[in-house]
Structures are given as structure tokens and as C-alpha cells.
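Chains A and B supply the protein sequences, listed in that same order. Under this note's numbering, the residues of the first sequence are numbered 100 to 265, in order. Under this note's numbering, the residues of the second sequence are numbered 2 to 149, in order.
By construction, these hints were calculated from the structure, which means they are not laboratory data. The reader is advised that the hints may include incorrect statements.
Partner residues aside, some chain A positions facing chain B, computed with beta carbon under 10 angstroms [what the hints assert, rightly or not]:
| # | residue |
| --- | --- |
| 1 | Gln118 |
| 2 | Ser122 |
| 3 | Ala172 |
| 4 | Glu175 |
By construction, the Cβ of each residue, glycine as well, lies at the ideal position given by its N, Cα and C atoms.
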Amino acid sequence: MRMDLIQPFINSADAVLAQGLESPISIENLSMEEEAYRRKGVAAEVFLTGEIEGRIIFDVDLGTAAQLASRLAGVEVSEADDDLVREAVCELANQIIGNSITTLNDQGFHFHVRPPTLHTSEQGSKSSEDTEALVMCFNTSSGNVFMNVALRYNRRRAVERAVVAG
Amino acid sequence: MEKFVPVKRSEDGQPVRYLIVDDSVFARKNLARMVETFGGQVVGEAGDGVSAISEYERLTPDIVLMDITMPQMEGIEAAEKIVRDHPNARIVMVSSVGYQENIVAALQRGARHFVQKPVKPEVLYEVIKYVMRDDGTTVHGAGAGAGA
Numbered sequence: 100m101r102m103d104l105i106q107p108f109i110n111s112a113d114a115v116l117a118q119g120l121e122s123p124i125s126i127e128n129l130s131m132e133e134e135a136y137r138r139k140g141v142a143a144e145v146f147l148t149g150e151i152e153g154r155i156i157f158d159v160d161l162g163t164a165a166q167l168a169s170r171l172a173g174v175e176v177s178e179a180d181d182d183l184v185r186e187a188v189c190e191l192a193n194q195i196i197g198n199s200i201t202t203l204n205d206q207g208f209h210f211h212v213r214p215p216t217l218h219t220s221e222q223g224s225k226s227s228e229d230t231e232a233l234v235m236c237f238n239t240s241s242g243n244v245f246m247n248v249a250l251r252y253n254r255r256r257a258v259e260r261a262v263v264a265g
Numbered sequence: 002m003e004k005f006v007p008v009k010r011s012e013d014g015q016p017v018r019y020l021i022v023d024d025s026v027f028a029r030k031n032l033a034r035m036v037e038t039f040g041g042q043v044v045g046e047a048g049d050g051v052s053a054i055s056e057y058e059r060l061t062p063d064i065v066l067m068d069i070t071m072p073q074m075e076g077i078e079a080a081e082k083i084v085r086d087h088p089n090a091r092i093v094m095v096s097s098v099g100y101q102e103n104i105v106a107a108l109q110r111g112a113r114h115f116v117q118k119p120v121k122p123e124v125l126y127e128v129i130k131y132v133m134r135d136d137g138t139t140v141h142g143a144g145a146g147a148g149a
């Protein structure tokens, strides 16, 4: 996996979480995922298509999700408030992905992103050779946030775009 | 949350009326809470571009805070349609996707300003004051910046 594609997501997660939670963030663990993805708690998934293709999943346990929602909203959000907790995780994913896309687009990569959706199944597909998944654990003051990134550079799309551009 | 000197409409001294458009309920609630600290009044919310257009027609708000990436119709297209029918509409794009092409496209199609998420209240406050200045809007109270 190309690290120049991944680095903007790491930087963006770090910046957005630090700003939202008003506390420093550290990356506790970084590993390649060899088995199929298994959901840990509340998970939001974002798909990218274009010169960069794949998906990113943000995954947090329910207690952490409620704490994140409370910190980001500035009011107490209970674990029982399912909708708001899920919305908070999706919005967090949206902000992190959006900021990463801004960086990648300004670097010349062109692709489209769909709004985050909740990843509700317990398990996801196993990574393949060209879309292996990198899993990062961000340690925050509200708990751990896992980011699971499976992306690949689509050279064919880039060539097609260059041809169209003349 | 920080306290701000209220921004009011110059014509009648009433609170600035906002329409908040975002597919995330969480984001809408956060923005609503933020503009209320600016002394604003949220008169409506919408979760996509199509609803944004109909809510604008129905409510004629002073300012629209509009997300970009949304289902059905994206924010830039909705902004363009609103401004086509209401050239004086004040639309501020609020999105996490802030690359140059996007910002230029939004401004070319009639948006007045662009704020990148995560939104800092002090940044949005300054943008609101800037966008409302053609209304002759003054910030009521002492000083023009964020209060203590």
C-alpha cells in the first residue's frame, strides 16, 4: 500500500480528533490486517472511487462513541441515544475523510467520495493483495478510535483522465 | 462554548435567521447550537439539496449554512439553484471537503463563503459578520469580535 495515500488520513485523523476533543492524540498501534474485518462497536464506512479506490472504516466501542459524541457536541450524550451516537461517529468520519481528500486532491489525485454510512454487519471482506488493509488505533482522551484503511491507486483511471484532458 | 456579541439584522434589530443544511443530524445540531451563541435563530433544517431548495422558498432565511456532500442533490448544485432564483441569497458552504476546485466551484455558483469542517466557532462567527455586512448589519454590543 502506498504510504503517500495513507499519510493524509493519519494526519487528518490526528488533527480532527485533537481539535474536536481538545486533547493530544497518539497512535497506539499500526498493523496490516490479515484476517477479515471484524466490527468492534459503532462503525462508519466511507467508499472512494476514481484514481484512488477503496474504503475506510472508523470503528469505536459504544462507550467511547458516546464519550466522543458528548465531547464533540458539548453536551452529555448517553450510550442509550443510539441515533445521536451513530451520527456522531459518521460525522467524525466525514470530517476526517473530507480533510484527507482535501490534501490528496490538492496533490493532484482525483476521486469521488460518498457520504459515510453505518457499517452494521459484524464482519467485512478480507483484504486482497491490491487492497490490503492498514489498521491504526488512535488513543484519545475518550478512548480508542480504530481506522481501517483499504485503498489502492487506480492507475487506469489516472491514465484515462490524462487522455481526456488531452 | 465561547460567548459572542450577538449579530442582528440592521433593518429591524431581529436575530439573523438561519437555514441549516447537512445530511448529518449531529452536524446540524452542532451548527444550530453554534449560531445560537451568535444570537441567531434557526428557522429550518434540511438533510439534502432538494429539501434545502424547498425550505429556502418557504422560509427565506437570512443565511443558509450548506454542506456539500449530501444524498439526492449535493450542496453546490442546490446553492446554484437557490441563487438563480434568489440572487441575494446568502449561502455559506460548510464542508469537510475544502480543496481548491470545490471552493472555486461553490463561489462561482453563488455561494458567498466557505468554511471547512471541523468548524471553529470563532471562524464561523467572523464569516457570518462578513456575509451579513451587505445588510448593513452591525454587531450589537461593545466590540465587534468574540466576547469573553
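### Message
I'd like to know which numbered hints this structure contradicts. Please list them from smallest to largest.
### Response
2 and 4
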